Amino acid sequence: GAGVSQTPSNKVTEKGKYVELRCDPISGHTALYWYRQSLGQGPEFLIYFQGTGAADDSGLPNDRFFAVRPEGSVSTLKIQRTERGDSAVYLCASSLTSGRANEQFFGPGTRLTVL
Amino acid sequence: GDSVTQMEGPVTLSEEAFLTINCTYTATGYPSLFWYVQYPGEGLQLLLKATKADDKGSNKGFEATYRKETTSFHLEKGSVQVSDSAVYFCALSSGGSNYKLTFGKGTLLTVNP
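Line by line, the protein sequences give chains A and E. Letter 32 of the first sequence, counting from 1, is numbered 32 in the numbering used here, and no numbers are missing. Letter 12 of the second sequence, counting from 1, is numbered 1012 in the numbering used here, and no numbers are missing.
Worth double-checking, as some hints may not be accurate.
Claimed, not checked - Facing chain E, according to a computed beta carbon distance under 10 Å, are these residues of chain A, among others:
1. Gln37
2. Gly42
3. Pro43
4. Leu60
5. Ser95
6. Gly99
7. Arg100
8. Phe105
9. Pro108
10. Gly109
11. Thr113
Unchecked claim - Over the 12 Å line for every Cβ pair with chain A, so calculated as not near, a few chain E residues:
12. Phe1018
13. Leu1019
14. Glu1076
15. Thr1110
Read the hints as simulated data drawn from the structure, not as lab findings. Being a predicted model, the structure only gives us computed values, none of them experimental. We put the beta carbon where it would ideally sit given N, CA and C, even for glycine.
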């Protein structure tokens, strides 16, 4: 079956611009996560959705970052007034349900470059 | 807060060598432990996991044992292959409000023929 997909795979933008990154989770997965991976680092948690609601957004670095999941499936991560420090690979993951033992399935990521 | 410390890389081995990648953790609560692998050009995928103390996770010849007394989850393989070349991430999930994964920095493994 289809895995987690993310679009675009690469995004180059200029400082100050607005970007949207899209995630299509595995069908039927209720839990969805966004992570950010900087070069040479492991992924870092940004936000967690259970269904349509953002159950925990404590990892978002500041109020320029926002994410939605209006119908409990596709999610969009939105970054306003991008800065060079936002350059990273943004990963989306989904799992069938929430739980500390549940496997999270990752998408291929969107590589964001802010010039 | 939660944190994971894993062996710094890169690690370079010859085919059929023994592999150990060390991983230790600190966690609030009782975590589940994971090893994820990222092959060149591919996304992160789960390699193995263990959900309670003394559990052994295993897959594709890799093993790791959940050691609560030493807060460790070291990855081992008895005989590596060229196809095992990848970046390996140790991670934990301690539940709480979000079940997020907390990752180590990753260890790049290169296996030469």
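Do the hints match the structure? See the list:
no. : hint    : in the structure
1   : Gln37   : holds (8 Å)
2   : Gly42   : holds (3 Å)
3   : Pro43   : holds (5 Å)
4   : Leu60   : violated (12 Å)
5   : Ser95   : holds (8 Å)
6   : Gly99   : holds (6 Å)
7   : Arg100  : holds (4 Å)
8   : Phe105  : holds (8 Å)
9   : Pro108  : holds (4 Å)
10  : Gly109  : holds (7 Å)
11  : Thr113  : violated (18 Å)
12  : Phe1018 : holds (24 Å)
13  : Leu1019 : holds (19 Å)
14  : Glu1076 : holds (20 Å)
15  : Thr1110 : holds (16 Å)
Checked against the numbered hints listed earlier, the structure breaks hints 4 and 11; every other hint is satisfied.
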